[in-house]
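Just so you know, the protein sequences line up as chains A and B, in that order.
At position 144 of the first sequence (counting the first as 1) the number is 143 in numbering that gives the first Met the number 0, and the numbers step up by one without a gap.
At position 109 of the second sequence (counting the first as 1) the number is 108 in numbering that gives the first Met the number 0, and the numbers step up by one without a gap.
Simulated from the structure, these hints should not be mistaken for lab results.
Glycine included, each C-beta is placed from N, C-alpha and C at the ideal position.
Mixed in with the good hints, there may be bad ones.
Each pair of labels, with its calculated beta carbon distance range [what the hints assert, rightly or not]:
1. B:Glu118 to A:Ser7: 23 to 29 Å
2. A:Asn263 to B:Thr135: 34 to 40 Å
3. B:Leu71 to A:Phe251: 25 to 31 Å
4. B:Arg211 to A:Asn263: 23 to 29 Å
5. A:Pro207 to B:Thr10: 55 to 61 Å
6. B:Asn186 to A:Ser264: 46 to 52 Å
7. A:Asp143 to B:Ala121: 58 to 64 Å
8. A:Asp143 to B:Ala117: 22 to 28 Å
9. B:Thr135 to A:Gly233: 43 to 49 Å
10. A:Val245 to B:Glu184: 54 to 60 Å
11. A:Leu147 to B:Phe16: 52 to 58 Å
Listing some non-contacts, in silico: residues in chain B with all C-beta distances to chain A over 10 Å [as the list claims (entries may be wrong)]:
12. Gly67
13. Asp76
14. Pro91
15. Gly108
16. Arg115
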Amino acid sequence: MTSPVIESEAGSFFPSWNRVCGLALRHVYLYMGSWPRLVEMMYWPILNIAMFGFISLAIVKRFGQVDVVTDTYLGGLLLGEILTRVQIAMLIFFMEEIWSRNLGHLFASPLRLRDYIGGVFAFSAFRCFISVAPAFAVAYFLFDFSILKFGWILPVYLALLCFNGWCFGTFIVSLLLRFGLAAEWLGWMCSWLLMPFMAPYYPVSILPQSFQYVSWALPGTYVFESMKSQVETGRFRADYLGLALVLNLAYFVVAMVVFKRSFNSAKRTGRLLQMGE
Amino acid sequence: MSADDWAIRTTDLRKLFDNTVAVKGLSLSVARGSVTALLGGNGAGKSTTMGMLLGLLEPTSGHIEIFGCDLLARRSDVARVVNFSSPYVDLPNRLTVRQNLAVYGMLYGVPDLTGRIAELAARLQIGDLLDRRHGTLSAGQRTRASLAKSLLNKPKLLLLDEPTASLDPDTADWVRTLLMTYKTEENATIFMASHNMFEVERMCDDVIVMKRGSVVAHGTPQDLLDRFERDNLEEVFLDIARN
Numbered sequence: 000m001t002s003p004v005i006e007s008e009a010g011s012f013f014p015s016w017n018r019v020c021g022l023a024l025r026h027v028y029l030y031m032g033s034w035p036r037l038v039e040m041m042y043w044p045i046l047n048i049a050m051f052g053f054i055s056l057a058i059v060k061r062f063g064q065v066d067v068v069t070d071t072y073l074g075g076l077l078l079g080e081i082l083t084r085v086q087i088a089m090l091i092f093f094m095e096e097i098w099s100r101n102l103g104h105l106f107a108s109p110l111r112l113r114d115y116i117g118g119v120f121a122f123s124a125f126r127c128f129i130s131v132a133p134a135f136a137v138a139y140f141l142f143d144f145s146i147l148k149f150g151w152i153l154p155v156y157l158a159l160l161c162f163n164g165w166c167f168g169t170f171i172v173s174l175l176l177r178f179g180l181a182a183e184w185l186g187w188m189c190s191w192l193l194m195p196f197m198a199p200y201y202p203v204s205i206l207p208q209s210f211q212y213v214s215w216a217l218p219g220t221y222v223f224e225s226m227k228s229q230v231e232t233g234r235f236r237a238d239y240l241g242l243a244l245v246l247n248l249a250y251f252v253v254a255m256v257v258f259k260r261s262f263n264s265a266k267r268t269g270r271l272l273q274m275g276e
Numbered sequence: 000m001s002a003d004d005w006a007i008r009t010t011d012l013r014k015l016f017d018n019t020v021a022v023k024g025l026s027l028s029v030a031r032g033s034v035t036a037l038l039g040g041n042g043a044g045k046s047t048t049m050g051m052l053l054g055l056l057e058p059t060s061g062h063i064e065i066f067g068c069d070l071l072a073r074r075s076d077v078a079r080v081v082n083f084s085s086p087y088v089d090l091p092n093r094l095t096v097r098q099n100l101a102v103y104g105m106l107y108g109v110p111d112l113t114g115r116i117a118e119l120a121a122r123l124q125i126g127d128l129l130d131r132r133h134g135t136l137s138a139g140q141r142t143r144a145s146l147a148k149s150l151l152n153k154p155k156l157l158l159l160d161e162p163t164a165s166l167d168p169d170t171a172d173w174v175r176t177l178l179m180t181y182k183t184e185e186n187a188t189i190f191m192a193s194h195n196m197f198e199v200e201r202m203c204d205d206v207i208v209m210k211r212g213s214v215v216a217h218g219t220p221q222d223l224l225d226r227f228e229r230d231n232l233e234e235v236f237l238d239i240a241r242n
């Protein structure tokens, strides 16, 4: 249907760069004007790295075990932080709109779901980087552990875990869209729920058999296994990283379908207008 | 009138929440360049209708066209020429007025955003508020900031929910004048929900009255006064609400 007033948007398959930036900018402004938010963002990763760093040092001292322990613990922790911080960033990104009762303005604008997803992915990756960068530095200065020791494969680990975090984060936001604020606590819980199955600090093989089925269905597990293999043998697992990518792609497709359905459900029930009230 | 002459056309619009009918079979046409009021008591279906026109609520059945475009099929395209203001939907409180306008300017793809913000700041007399957080503004200042956001993209269709709620008479009058000037300059259409009958009489060419999800009266303010044999719209409203 044509209209003399309304023009079709060109190149509409891809997210709009302007809208993705606008959405990310809204949250950058929010953080720039709120030092407690900035502190909180960096607090937990630093606290975790300090705790685990000292625990691993104590184990090394007690049992005389070598760098493998420290490297596995700290490597697992830092990479695990990528996964959880991306999910938490996505959850907070959405919650901030609910808390400020801004969803109505946002989704009455030309913002499309792909723009929203683009904005939330971009901001969560940025927020995650700001969150974990100080923890990387703490690990280096306190425990002489450099994340860069994983070499050129490190960006692949980070990208795969970030991708995994985006997929799971999308499920969490979908949950909120479908069940409203009542699901908030579930959202926080879900950010850590699958971490024990992904075995960041220990081999998957020590988990009960039934848990292992879950483990091998999660992309993050393969990244952590490759990281542990690299710590122990000096060689990463390309086959595992390939599987992580395939699984991530499958989860991404499912996450997008679930998100779209949850969004439509929120539009049907009126939750998009009521949330936050 | 041809299809191009209508800003809004809805056909047999229905909205059900579980088993409750909020809007039943709403068919209305709003002429381009008009100012139309949507009236009705609490629970009449005004907010639900507004929500559907904004694309925030999905109709259970029926059809919505904005400037001849199917809203459900082309919501994002339509949203670029529409905007809204409501005292019940906040802008982020922790952002300054300028930051809010910058964010929404980007979402709406406003060209020369800095210039447009300056222009609106002068017009809405919010220059001194631009660098204050939205959460620190008074009710009247919030209304002006929200109006600035709603005029950012020079909308051809402006949806307003209680545009002068919680404003003192002087500021309310100033806002009405501003809206009418904008409408004339941009040949824009204004569709507003209001409980202020004086405002409706002063501003609107057309009045739609809803009750329990249906349109029960539709016409110019004078038509309604004549039909109900009343002196003002307040009395017409009470007649409809109580019968």
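Quick rundown of the hints versus the structure:
1. About 28 Å separates the C-beta atoms of Glu118 of chain B and Ser7 of chain A, a value consistent with the hinted range of 23 to 29 Å.
2. The beta-carbon spacing between Asn263 of chain A and Thr135 of chain B, approximately 37 Å, falls within the hinted interval of 34 to 40 Å.
3. At about 26 Å, the beta-carbon gap between Leu71 of chain B and Phe251 of chain A stays in the expected band of 25 to 31 Å.
4. For the pair Arg211 of chain B and Asn263 of chain A, the beta carbons lie near 27 Å from each other, so the given range of 23 to 29 Å is met.
5. For Pro207 of chain A and Thr10 of chain B, the Cβ-Cβ distance of about 59 Å falls inside the hinted range of 55 to 61 Å, so the restraint holds.
6. Look at Asn186 of chain B against Ser264 of chain A: about 38 Å separates their beta carbons, and that is not inside 46 to 52 Å.
7. A beta carbon spacing of about 59 Å between Asp143 of chain A and Ala121 of chain B agrees with the range 58 to 64 Å that was offered as a hint.
8. Between Asp143 of chain A and Ala117 of chain B the beta carbon distance is about 54 Å. The supplied range of 22 to 28 Å is therefore violated.
9. Here the CB-CB span from Thr135 of chain B to Gly233 of chain A is close to 58 Å, at odds with the stated 43 to 49 Å.
10. Taking the beta carbon of each, Val245 of chain A and Glu184 of chain B are about 57 Å apart, inside 54 to 60 Å as hinted.
11. Leu147 of chain A and Phe16 of chain B have their C-beta atoms about 56 Å apart, which keeps the hinted 52 to 58 Å range intact.
12. Not every C-beta of chain A lies more than 10 Å from that of Gly67 of chain B, the closest at about 4 Å, which undercuts listing it as non-interface.
13. Not every C-beta of chain A lies more than 10 Å from that of Asp76 of chain B, the closest at about 5 Å, which undercuts listing it as non-interface.
14. Look at Pro91 of chain B: its CB is around 4 Å from the nearest CB on chain A, not clear of 10 Å, so calling it non-interface is violated.
15. Chain A draws Gly108 of chain B into its interface by the beta-carbon criterion, the shortest separation being 5 Å against a cut-off of 10 Å.
16. Distance to chain A confirms Arg115 of chain B as a non-interface residue, since its nearest Cβ pair spans about 14 Å, more than 10 Å.
The structure fails to meet hints 6, 8, 9, 12, 13, 14, 15 from the earlier list, while all remaining hints are met.
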